[in-house]
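Fit chain B with the ligands to the known structure of chain A by using the hints.
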Amino acid sequence: MTYVRSTFRHPALPKNDLGYTVDYYEGSLSTLCAGCGHDSINAAIVEACWELNIEPHKVAKLSGIGCSSKSPAYFLSNSHGFNSVHGRMPSVATGANLANRDLIYFGVSGDGDTASIGMGQFVHVVRRNLNMVYLVMNNGCYGLTKGQDSATADAGSKSKAGSVNLFEAIDLASLAIELGATFVGQSFSGDKEQLIPLLKAAMKHKGFAMLNVISPCVTFNNNPGSTKSYDYVREHVEITGTMDFAPMMKEITASYEAGSINDLTMHDGSIIRLHKLAKDWDPFDPNSAMNAIHHAKRKGEILTGLLYMDQDSIELHEMLKTNEKPLNLLSKFQLCPGSETLAKINAGLR
Amino acid sequence: MNQETKINDFVIRFANVNGTGSASANALFTKAVFRMGVPVTPKNIFPSNIQGLPTWYEVRVSEKGHLGRREGVDLMIAVNPQSMKKDYADVASGGYFLYDSSKPLPPGYDRTDITHIGIPLMNLCNAEFTDARQRQLFKNIVYVGAIVALFKIELDVIEELIGQQFKGKEKLIEPNIKALKIGENWVLENFDVDNFDLRIERRDLLGDKILFSGNSACGLGAIYAGATVAAWYPITPSTSVVDAFAKYASKYRVDAETGNNNYAIVQAEDELAAIGMVMGASWNGARAFTATSGPGVSLMNEFLGLGYFAEVPTVLIDVQRTGPSTGMPTRTQQSDILLAAYASHGDTKHPLLFPASPKECFEMTAQAFDLTEQLQTPAIVMTDLDLGMNDHVTEPLAWDDTREYKRGKVLTGEQLDFIYKVSTNGNGSRGKLEDRSRENGSDSADAVLSEADAQPLGDQNLTQPLEQFKGKWGRYLDIDGDGIPYRTIPGTHSTRGAFVTRGSSRDEYAVYTEDADVYQRFVDRLARKWETAKELVPGPVFLSGPPASTGGQFGHSYSAIWPPPYGGGSDLGVIFFGTSTDAAIEALELLADEGILLDAMRPRAFPFGKAFRDFVDSHERIFVIEQNRDAQFRSLMMIELGVNADKLVSVLNYDGMPITADNIFRQIKDKIK
Ligand SMILES: Cc1ncc(C[n+]2csc(CCOP(=O)(O)OP(=O)(O)O)c2C)c(N)n1
Ligand code: SF4
Ligand SMILES: [Mg+2]
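Going down the list, the protein sequences come from chains A and B.
Position one of the first sequence corresponds to residue 1 (this note's numbering), numbered consecutively onward.
Position one of the second sequence corresponds to residue 1001 (this note's numbering), numbered consecutively onward.
Keep in mind the hints are simulated off the structure, nothing from the lab.
All the given hints hold, so there is nothing to weed out.
Restraint ranges, calculated between C-beta atoms of paired labels, are given here:
| # | chain 1 | residue 1 | chain 2 | residue 2 | range |
| --- | --- | --- | --- | --- | --- |
| 1 | B | Gly1168 | A | Thr145 | 54 to 62 Å |
| 2 | A | Phe333 | B | Thr1005 | 52 to 60 Å |
| 3 | B | Lys1406 | A | Gly19 | 37 to 45 Å |
| 4 | A | Leu320 | B | Ile1639 | 40 to 48 Å |
| 5 | B | Asn1126 | A | Phe333 | 52 to 60 Å |
Nothing here was measured: the structure is a model prediction, and the numbers come from that model.
Don't be surprised by glycine CBs; every beta carbon is placed ideally from N, CA and C.
Bound conformation, chain A alone (with noise of 0.2 Å):
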């Protein structure tokens, strides 16, 4: 993809609270095909950490190998990126957070990447409630080596090539929860109404935040028999409910109908409100969350919206203790037992 960005900006672009307009959270040039749903996300990405006035420099952002992991170069540039190696991204990203746990961690992921290769990663990551936002950017198929399968795409489904997926999809959103996720959203990279909402409150969720958000590849994987083309997908999508985020201490100012609205507190005391559509939605509730999104797949549907969320989730660093103080920030003084301690183990191996 070949284009030039226009350097014009409105001079009256809206700045956020920090002062810094939208196009201060962008990125490089994308070199993902247009239409890419891809982009889509990334420019919601940027929306998102925009509204939620979040500094820049303050993210690290981490993939491992895609066009999906990719995407971290086309969002907040001012921003430390690390485009690891395929299906790794989840330990890197335990890594540089064991580091420094107070910078948020957003890791952009494919469904070959993390449903693949990279599935005992994510698995363990998911485990270990690591506080990261863990994005697949989901298009059933491995864009970046030519639209091969891979273990999302629905048995049944249709390549462009015309051969048929012979095998079970592995479904990233019910496997998480059963994993014990303690976020679990899913959306539609077209739908960005439902996602930034959805962003924001995952990267304001303390602990695993998991994202999986269909994102159709055009290039291999928009055709009719495929599930995870935009047109399959629009047809589709059932959705939970939609909802709001408001970070601590806002007023949501939109007013909705009393008795479908179901107020969330996260633990910094940001709120997110749930206008809730299916029936029965309880995103407390991991067993009823599993039904639902049974429920739906039987229908051939996708649900989307907040599937679930512990209010009470602890985190890795709450795990094991570690300082309140970023561990990359400790000194010498702190880290090094001196000579004399060593004299004193010296002492005691004789």
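Showing chain B with the ligands alone in chain A's frame:
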């Protein structure tokens, strides 16, 4: 058997059943010899099994300080019926065979060249203890008691040791002492100990030396070096590195006020994840490490290549074991040399460190953290099972409190600002970095600066000319000409210094590129960095002067320059490293006794620098002693230095057992002819 009494010079081997509590009893013996001021070295020869299979514990006692392995067993403590036949055969002529005589020896145990000492260990225990587990455990202490009597070990030394071993579990002291006495008394009553030709006599040969294992020393080295993140996956023989780190961390790294930990240890899901975590943490400015063995290194290859190409610090401790594949997991070898040196695809190489003692394990682990950050590339500490899991007599550990961690070229927020200001106001005196940025008011960037100022992130004392950036920092610009660029840590500055770290090709400003020239320039810079590495890694040491037969392990001094002050006149050289060192020095003495004098070099790191090259160039033939089949170190010399194959003569040992002095002696003698 009457022969000359051997004082403080023999080999004793304990043949036990794995999982029967023999380890601590045997260690008691070793420690007692150590406390009597006599050089001693134990080797665990254990199976890959938790319970039931044969296990041996071989102790070399050497007044001369020869702490490598030597062939021949002078006393066999045979308490494992399973391995008895072989154990019996292994006793050297003139030696002793001590066995449990509760049942008579089967027929065939009728050697006349050795002395049999039958002690009814089981019967003695059964008479004294009722509990089955106790009978089992105390049987070990009973034979220790017997040895105490035979060797005339000072009783208070061993009693004190038992007291220390059971500190906090005082109830156990009394029955242990009782068991000890049972063994001792039985020997005194039934055996004329003056006829026993092996003797331990008190000496003062150890000074302030300590008895420590390499793995514990590595773990402690990581603590001293300021490592805060350890990620690992269990594998023999490396597990105890992280165990030691955890033990010392729980003691010295807990915040006194809050009780919170100034460290984090993660048992990862596999070695790929372990090294990924280390890289994530190191990238983010913490010191982090992992420890593994060959199979783990195989899995870590992809990440090691990323670390090399994306220039991410990583400390890896490879405690080598016998390969290939699962090989013999509980036996030793130096067989990961080539794997580690060139781990990963593409043109990739990594600095290696070769510690030869626990003291060097401590020092080199600490040094690895400096090297990896100075060079911004993975650094691998190459130890092995013998060094790692056995206790060794070693010099006391030392730490200089004025030592600063060398964090390498990491830019602070101020320095980033300085770089960019040079372009706007055209001048910049380095000395005034701090004042300059503070004068600048309170925009959000500077708010971050004062924070960064208080951090150990980044080296405030960088003296390099940051002006060379010409107003724009580039992650991979080589402004100093040493191949080492300047890095930034996430969160340092709000508008400067962010970039994407990646394993794909990129230019000096970290922008993705597939441009042929840019790529080549990049990898050529990495080659330049490799040259810098040669100067930063510890150089080889040379044995000063011809090895005299009186030297022994501690009798030699080393020189860091070639030629050393004395000697260095031979046409023949010898190279050894890591755990071949002790046996090699003893072999050199044996050769010297026969008039064969060799110049000796002990490399301590890869890549090889000038001194290494000089040594190679000044000898006609060089013996290369190493513990693998394929002469991997020799290959490394041929690849890296282009040394002629004929010049390098291999002395190899690869049966999984630590190399012996006798073996080296024989091979060199044969090859010299
Ligand atoms: C170890 C390894 N094996 C294979 C590859 C080749 N590879 C690159 S991207 C990719 C698949 C990516 O698929 P996905 O994660 O779904 O990302 P997408 O491109 O679809 O966004 C593969 C197999 C690789 N980079 N590394
Ligand atoms: S190949 Fe598919 S996933 Fe990759 S950039 Fe193009 S549209 Fe996106
Ligand atoms: Mg994909």
